[in-house]
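Mind docking chain B on chain A? Use the hints.
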Amino acid sequence: MRGRAVHPSGRGGVLTAYVTVLDPTEAGDRSRSAELVQPPADLNGVRIGLLDNGKPNSDRLLSLLAERFRAHEAVLYATLRKPSIGRLAPVQLLDELAQACDLVVTGVGDCAGCCSCSVQDGIAVERRGVPTLVIVTTEFLTTARISATAAGVPDYPFTVIDHPLGSLAQGQLAQRADLAMGQIRTRLATTR
Amino acid sequence: MSLLGHDVPAPAPAPMRLSSERIELPDDAAVGEFFLQHGWTDGLPIVAPTPELVTAFVAAAGREPGEVLGEIPEQNRSVTVEKLAVNAVLAGCRPEYMSVLVAAVRALTRTPFNLHSTTVSGATAPLLIVSGPVVTKVGLNSGFSVFGPGHHANATIGRAVRLLLQNVCGGLPGLIDKSTFGHPGKFSYCIAESQSHNPWTPVHADRGVADAGSAVTVFAGEAPVFARNDWAEDPEPILATIADAMLPSHFTGGGVVVVLGPLHAAAMARAGMSRADVREGLFGLARRSVSDLRRAGRLPGEPQTDDDSTYRSVVPSADEILVVVAGGHLYGYSAVVPSWVGGHESVAVTEELDGEESARCVVEPSIPAAEEAS
Chain A
1 MRGRAVHPSG RGGVLTAYVT VLDPTEAGDR SRSAELVQPP ADLNGVRIGL
51 LDNGKPNSDR LLSLLAERFR AHEAVLYATL RKPSIGRLAP VQLLDELAQA
101 CDLVVTGVGD CAGCCSCSVQ DGIAVERRGV PTLVIVTTEF LTTARISATA
151 AGVPDYPFTV IDHPLGSLAQ GQLAQRADLA MGQIRTRLAT TR
Chain B
193 MSLLGHDVPA PAPAPMRLSS ERIELPDDAA VGEFFLQHGW TDGLPIVAPT
243 PELVTAFVAA AGREPGEVLG EIPEQNRSVT VEKLAVNAVL AGCRPEYMSV
293 LVAAVRALTR TPFNLHSTTV SGATAPLLIV SGPVVTKVGL NSGFSVFGPG
343 HHANATIGRA VRLLLQNVCG GLPGLIDKST FGHPGKFSYC IAESQSHNPW
393 TPVHADRGVA DAGSAVTVFA GEAPVFARND WAEDPEPILA TIADAMLPSH
443 FTGGGVVVVL GPLHAAAMAR AGMSRADVRE GLFGLARRSV SDLRRAGRLP
493 GEPQTDDDST YRSVVPSADE ILVVVAGGHL YGYSAVVPSW VGGHESVAVT
543 EELDGEESAR CVVEPSIPAA EEAS
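Listed in order, the protein sequences are those of chains A and B.
Residue numbering for the first sequence follows the numbering used here, beginning at 1 and increasing consecutively.
Residue numbering for the second sequence follows the numbering used here, beginning at 193 and increasing consecutively.
Next up, chain A with everything else stripped away, as it sits in the complex (with noise of 0.2 Å):
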């Protein structure tokens, strides 16, 4: 569209004409938002599911961190594994873990692909009413945002552990495992 008026933006004053173009991006399917689930303040007794993402090494840490759980006395329920690293985890699966637990774990977000997926599974979760725990590398930060504002979530507390995470032997995992466990306690604690 051509015209002759004065800019819309009210800066630069009047102009003789401008040219209309249409913004090409998308932003997401803000109208499936979702509220995020308080997680429980205290783990005593509480039912943990870890949903792996299949990621080298995500089980690894994961189960570094099912230790951490249960040394709160926390109960494992499962670690479930996503049959695809790169996809949505099924819905069957989803429902199963909200089902059974008061609080799934997820990840590790650590690849560009996978990241996306986990964060749009944890929410997924939430929308079960079950609050989630997601953990991506310093990396992918940036993508676990986007992709959290793309489904509703923007300020979404992300569990962030450094990357890299798939090259990592066990001593390092550990390390990593504190971390995570550390700001996972610090989300708990301010819960309330």
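Fair warning: there could be bad hints in the mix.
[Said to hold, decoys possible] Some chain B residues close to chain A (C-beta under 10 Å, calculated; not the full set):
1. I215
2. T233
3. L236
4. I238
5. T242
6. Q267
7. D369
8. E537
Hints listed in this document are in silico derivations from the structure and should not be mistaken for laboratory results.
All residues carry an ideal CB built from backbone N, CA and C; glycine is no exception.
The following block gives chain B in isolation, referenced to the frame of chain A:
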């Protein structure tokens, strides 16, 4: 909407309601700079997507602007006709290309293609392979320099897909798309199957579309690896040459596209080979020993005594080799397009253009008039 005379897309009967946010800028130069600064381009100049042009492109598709062509659940996003039209305008397309793009989006958003992961990770771009009568109707090149440059339809249809991936499908380079190298096909990656040099039925005939139909096949492909054999008259040395070019594949269970050049295709046809025979021949030759794969860590486990005599093919079966005929007919080249690293997690998908879509693809010398948009 009826198609009259020369199958010109008819204008919409009523003013079209477009939902995209409107941006007002002083002039076309400012539009170009604004889009560049917002990361809405591939770095090259764009055509300003005015409501008038977008309206004409939506009308050319014969669809409502809000119609959802496909969804990307991993990103909670969908692709509408309107956003496709905006990006097609940006890319410099003609409106008559819209039905090819609509079919391409349907194919890209089908679950087996895995658009999300192949867009943001790995080293691929969606290769579009257009086949059937629509190729000549929109002026797609299937001959010399088929991977580009120099042909408007190939260049802009491929570019429209690129801009769509970036603006609608989460593929913003460096921000969400973390590809190590990108690749030249991410500017545009659209070829057409040759009708004059293909000795067999069209590529879509093996993929559920009638011989006489038109289709778009999409494949998450790395950059083409060229295989030259100018010296052989018989199929065997040519197949061996092409099989060597298939070896850079990932051995992770994915397929591969083999674009047979016309001379190579003619050699196969002279020897009485069918397309299936070519696939079988390549399947048997394109393989590495288990010891080779172990040396690079591509197979886990300790070496076994029979590793040197045990072989793995680059693809799980001959059916995973997609054979297309295209390219110039003066030199003995073929091209191999390796798949995405995720292997079987992304497979080639073919979508037919229905009769009306195909009829909308006739390129006329001038762009048809469209209703005022607002």
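Evaluated hints:
1. Hint status for I215 of chain B: holds, given a least beta-carbon distance of 5 Å to chain A, under 10 Å.
2. The closest approach between the C-beta of T233 of chain B and any C-beta of chain A is roughly 9 Å, which is under the 10 Å cut-off, so the hint is satisfied.
3. Interface restraint check: L236 of chain B against chain A, minimum CB-CB distance 14 Å, threshold 10 Å, status violated.
4. Proximity of I238 of chain B to chain A holds as hinted, the smallest CB-CB distance being about 9 Å (cut-off 10 Å).
5. The interface hint given for T242 of chain B is met, as the beta carbon of that residue sits about 6 Å from the closest beta carbon of chain A, less than 10 Å.
6. With a least beta-carbon distance of about 5 Å to chain A, the hint placing Q267 of chain B at the interface is held under the 10 Å criterion.
7. Against a cut-off of 10 Å between C-beta atoms, the interface hint on D369 of chain B holds, since the closest Cβ of chain A lies about 7 Å away.
8. Given hint, E537 of chain B at the interface with chain A, holds; its Cβ is 6 Å from that chain's nearest Cβ, closer than 10 Å.
Consistency note: the structure conflicts with earlier hint 3 alone.
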